[in-house]
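Undergrad: Now for the letters of each chain:
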Amino acid sequence: MIKKRDFALAMIILLGLTMLILGCKKAPEREMLPETEAAALATYVPPGELDEYYMFASGGHSGQVYVVGVPSMRLIRIVPVFSPDVAIGYGFADEASKQMLNGLSWGDSHHPNFSETKGEYDGRWLFINDNANARIARINLTTFYTEEILGPIPNLVGTHAGAFVTPNTEYVFTATRFSIPIPHGTYASADQYKEKYKALIAGISVQPQTGKMDVAWEVMFPPVDFDLSDAGKEVSYGWAFFTCYNTEQAYHDLEVEASQKDRDFILALNWKVAEQAAKDASKFSMIGGVKVIDPTKVPGIAYWVPCPKSPHGVDVSPDGKYFVGGGKLSPVVAVFDFEKLQQAIAAKDFEADYGGVPVVRYESVNVAEVPAGLGPLHTQFDDKGYAYTSLFVESAVAKWKLGTWEVVDKIQVHYNIGHLVTAEGDSRSPDGKYLVALNKLSKDRFISVGPSHPENHQLIDISGEKMTLLYDAPSQPEPHYAVMIKADKLNPLKVFPKEEGRKNAIWRAEDAKVVRSGQRVDVYMIAVRSHFTPDVVEVNQGDEVYFHVTNIEDDVDITHGFAVCLYNLDMQVEPGETRTAKLVANKAGVYPFYCTNFCSALHQEMQGYLLVKPKS
Amino acid sequence: METNFFSGPMRLESRIAIVVAALLILPAVFLPIWRVSLLAPQYPEGLRMNIHAFTVKGDLNKINILNHYVGMKKITPREFPEFRFVPFFVARFVLLALAAALISRKEIGALGWIDFVIFGAAMLADFAFWLYDYGHELDPRAAMKLEPFTPPLFGSKQLMNFRITNLPAVGGILMMIAGAIGPLVLIWDYYRSRKAE
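The listed protein sequences derive, respectively, from chains A and B. According to numbering that gives the first Met the number 0, the first sequence holds residues 0 to 615 in order. According to numbering that gives the first Met the number 0, the second sequence holds residues 0 to 196 in order.
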């Protein structure tokens with residue numbers, strides 16, 4: 000007979016063992032919920048197929064532009080803009096781009112925007128600002144090269160509010176986030192901030208055929224901090240809007256000082272009026288070599304629209320009727336009606352003036368304060384009349400309806416979103432479908448790479464009523480803003496076309512030559528699988544040697560590199576391209592050169608010798 | 000009553016058929032006659048050489064760069080004397096056929112057809128010779144050593160990572176059809192004449 004006590008003990012031990020065994024049998028298999036499967040399918044681009052959209056994201060303090068495919072969220076290319084890219088020789092060995100960077104080896108690229116025609120993205124160029132050094136770069140979307148860098152723009156610095164493009168690429172706008180005494184190089188102590196320091200908006204004109212940029216005119220304001228901008232379109236065509244904060248005009252401890260007022264402004268600029276004023280010498284002065292317009296002398300050029308509170312983004316709805324202010328320290332998104340602005344201006348319905356420029360009455364222009372959430376920053380639109388606002392403090396995106404102003408959905412993001420982008424979201428006809436949240440903090444979302452974390456770009460499906468999270472994609476530092484264009488709108492080159500008359504180019508091995516002129520040596524070289532011609536080059540110590548390398552392939556993706564050992568020189572030449580690298584042969588000896596970009600089965604054999612004869 | 004097979008006047012239908020043959024030959028003056036296609040894993044879209052009466056067009060540059068690894072000679076259209084006279088020969092056949100139809104003499108048609116066939120055979124032989132020559136005259140110092148080979152005149156062959164396919168193109172096919180019309184017309188004409196008796 001088993002005693003009751005022993006039986007109970009045996010049962011307890013048995014139970015304990017069972018729990019232990021069951022507990023240890025943790026199934027390491029991933030649970031595929033239907034939503035997860037759907038998300039995986041939505042983002043998976045099978046081998047051999049292509050992404051639907053390009054997303055161009057700013058590289059922030061890397062100075063570059065990131066090109067990402069949507070929906071796969073794969074980084075396809077980093078286009079060097081303001082910083083050198085030694086792999087391809089941009090701003091490094093390649094003379095042409097080195098000159099374009101003009102001594103600055105860094106820039107802070109913030110807001111890329113496409114060239115537009117009739118309010119639609121036309122796929123010709125991408126413009127982007129350099130927040131630190133007051134420059135605007137233009138990237139050619141046929142070659143994906145930075146073709147032109149304008150600046151430093153006279154009188155401007157900290158050009159955060161750029162690059163924003165008008166509906167027919169008449170102008171690219173930028174404006175100052177930091178005010179300084181002008182022109183550049185002028186000294187005034189900081190306590191003279193309110194009197195001597197100036198904020199400016201610059202209208203950069205763009206040549207329609209070539210894209211060449213010029214500072215057409217600037218408009219000068221009291222030292223507020225301009226933040227972001229958007230150009231009006233359709234009914235609001237001819238106007239541009241700029242948010243600003245620090246209307247308190249503080250120059251130190253801005254965190255506290257610039258957050259005192261409940262409302263700052265959105266500046267409404269009539270750029271057509273500015274254009275006219277720039278033709279009238281009585282309306283502008285020449286400062287720093289450019290036309291600077293005094294808005295107090297040009298009635299109708301600009302109006303301040305009050306906006307809560309330290310607003311960050313201003314975004315114009317697809318039909319141009321509304322402009323939306325994201326007050327980063329306020330819980331509401333302030334929506335303004337363009338028609339009402341015009342009516343208020345006509346009726347001179349002003350509540351004050353600021354720096355001699357009228358301030359329109361808030362209540363007369365504001366049509367809604369959408370309670371989107373905490374810390375609204377930036378708004379984009381879809382094809383069904385909805386607006387999506389990023390909420391930094393709340394770490395979420397709010398979806399609300401234009402016209403009814405009701406918030407219909409909210410989705411958490413991970414974590415602390417800055418800007419967001421929807422497919423073709425600030426054009427006249429957004430596509431809807433996808434939204435990418437550019438989150439500032441990724442924290443625990445990826446396997447750890449130490450204290451420095453990547454950013455987190457989250458792809459969100461906005462095609463349905465409710466938003467759904469599809470994917471987390473890490474991004475290198477640090478995209479601030481992005482734009483998305485349908486992939487078939489771009490028509491990039493496959494290879495560079497052969498141009499018979501091109502400067503420094505040679506197209507046949509027979510034409511390769513070394514030309515000497517005093518201490519200058521020009522080497523006209525061809526690169527083709529798998530050799531350089533010439534591949535033995537003799538120079539004298541002290542010579543200034545220019546290597547003009549032409550890649551005479553016409554086959555796609557057959558890139559050749561050109562590097563010289565110990566002379567710190569490397570560049571890449573694409574099929575059909577000619578690039579020039581300069582080397583001062585101050586070291587005597589024998590220096591091999593070779594192809595650095597894998598090109599063929601005999602890539603290793605693609606080499607040569609640079610012989611530097613010593614000065615006797 | 001003897002009806003001559005190769006001589007005498009032509010019936011209207013025969014004359015029309017000969018004109019059709021002439022029109023079929025005409026495009027071969029401009030359109031490609033033969034096509035060499037190369038397929039490889041890294042060239043999913045394929046590489047092509049279109050052989051016209053007057054030149055070779057297509058991915059010549061790419062093919063020459065690839066060929067140099069195995070020591071094959073560069074294909075330079077300028078260096079083929081054939082391209083200087085072939086277009087005129089082809090044009091001549093068109094005119095001959097039209098003349099036969101106009102004058103309505105079977106002798107001219109028959110002679111023209113024999114001429115055409117001999118010319119066609121000669122051209123194919125010539126092409127075969129060039130294929131043999133290019134596949135055998137390989138630079139002994141080439142980086143990749145290949146056994147001398149002959150690309151097929153008609154059909155496919157695998158050579159290292161490339162599949163080479165040689166087939167008639169539009170012009171070539173039309174000329175073959177045109178060539179078939181000649182004997183068909185004669186045979187048909189003969190039987191019609193026989194029936195008429």
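Think of the hints as simulated: they come from the structure by calculation, not from any bench. Where is the CB? At the ideal position from N, CA and C, for every residue including glycine. It cannot be assumed that every hint is accurate.
Result set (DSSO-like, lysine-lysine): computed pairs, CA atoms no more than 30 Å apart in a straight line [unchecked claim]: (1) B:73 with A:400; (2) A:502 with B:144; (3) B:61 with A:502; (4) A:211 with A:442; (5) A:442 with A:465; (6) B:61 with A:497; (7) A:502 with B:73; (8) B:156 with A:512; (9) B:194 with A:512; (10) A:497 with B:72; (11) B:72 with A:493; (12) A:488 with B:73; (13) A:260 with B:56; (14) A:497 with B:56; (15) B:73 with A:497; (16) B:194 with A:493; (17) A:512 with B:61.
What follows is a set of in silico ranges between Cβ atoms, one per label pair, in the way DEER data are often shown [as the list claims (entries may be wrong)]: (18) B:157 with A:43: 50 to 60 Å; (19) B:166 with A:510: 36 to 46 Å; (20) A:514 with B:128: 50 to 60 Å; (21) A:95 with B:157: 52 to 62 Å; (22) A:510 with B:128: 47 to 57 Å.
Undergrad: Each hint should be assessed against the structure and marked as holding or not.
TA: Comparing the hints with the structure gives:
With a CA separation close to 67 Å, the supplied pair residue 73 (chain B) and residue 400 (chain A) exceeds the 30 Å bound. Of the pairs offered as hints, the one joining residue 502 (chain A) and residue 144 (chain B) is violated, with about 39 Å between alpha carbons and a cut-off of 30 Å exceeded. About 24 Å separates the Cα atoms of residue 61 (chain B) and residue 502 (chain A), which keeps this hinted pair within 30 Å; it holds. At roughly 42 Å between alpha-carbon atoms, residue 211 (chain A) and residue 442 (chain A) are farther apart than 30 Å, so this suggested pair is violated.
The straight-line distance between the Cα atoms of residue 442 (chain A) and residue 465 (chain A) is roughly 26 Å, inside the 30 Å bound, and the hint therefore holds. For the hint pairing residue 61 (chain B) with residue 497 (chain A), the CA-to-CA distance comes to about 14 Å; that is within 30 Å, so the pair holds. Our distance criterion of 30 Å between C-alpha atoms is met by residue 502 (chain A) and residue 73 (chain B), whose separation comes to about 28 Å. Proximity of residue 156 (chain B) to residue 512 (chain A) is assessed by CA-CA distance (about 41 Å); at most 30 Å being required, the pair is judged violated.
Between the alpha carbons of residue 194 (chain B) and residue 512 (chain A) the distance comes to roughly 79 Å, so the proposed pair goes past 30 Å and is violated. For a cut-off of 30 Å, the pair hint linking residue 497 (chain A) to residue 72 (chain B) stands: about 23 Å separates their Cα positions. With a CA separation close to 27 Å, the supplied pair residue 72 (chain B) and residue 493 (chain A) stays within the 30 Å bound. Distance hint between residue 488 (chain A) and residue 73 (chain B) is unfulfilled; the C-alpha atoms sit about 39 Å from each other, more than 30 Å.
Under the criterion of a C-alpha separation no larger than 30 Å, the hint pairing residue 260 (chain A) with residue 56 (chain B) is inconsistent with the structure, at around 73 Å. This hinted pair checks out: residue 497 (chain A) and residue 56 (chain B) have alpha carbons roughly 17 Å apart, not beyond 30 Å. Using a Cα cut-off of 30 Å, the hinted pair residue 73 (chain B) and residue 497 (chain A) holds, with the two alpha carbons roughly 20 Å apart. Of the pairs offered as hints, the one joining residue 194 (chain B) and residue 493 (chain A) is violated, with about 65 Å between alpha carbons and a cut-off of 30 Å exceeded.
As the CA atoms of residue 512 (chain A) and residue 61 (chain B) are separated by approximately 24 Å, the hinted pair is consistent with the 30 Å bound. Restraint check, residue 157 (chain B) to residue 43 (chain A): a C-beta distance of roughly 35 Å breaks the suggested window 50 to 60 Å. For residue 166 (chain B) paired with residue 510 (chain A), a C-beta distance near 37 Å keeps the hint of 36 to 46 Å intact. Here the CB-CB span from residue 514 (chain A) to residue 128 (chain B) is close to 44 Å, at odds with the stated 50 to 60 Å.
Checked against the hint of 52 to 62 Å, the pair residue 95 (chain A) and residue 157 (chain B) fails, with Cβ atoms roughly 45 Å apart. Between residue 510 (chain A) and residue 128 (chain B) the beta carbons are some 33 Å apart, a value that contradicts the proposed interval 47 to 57 Å.
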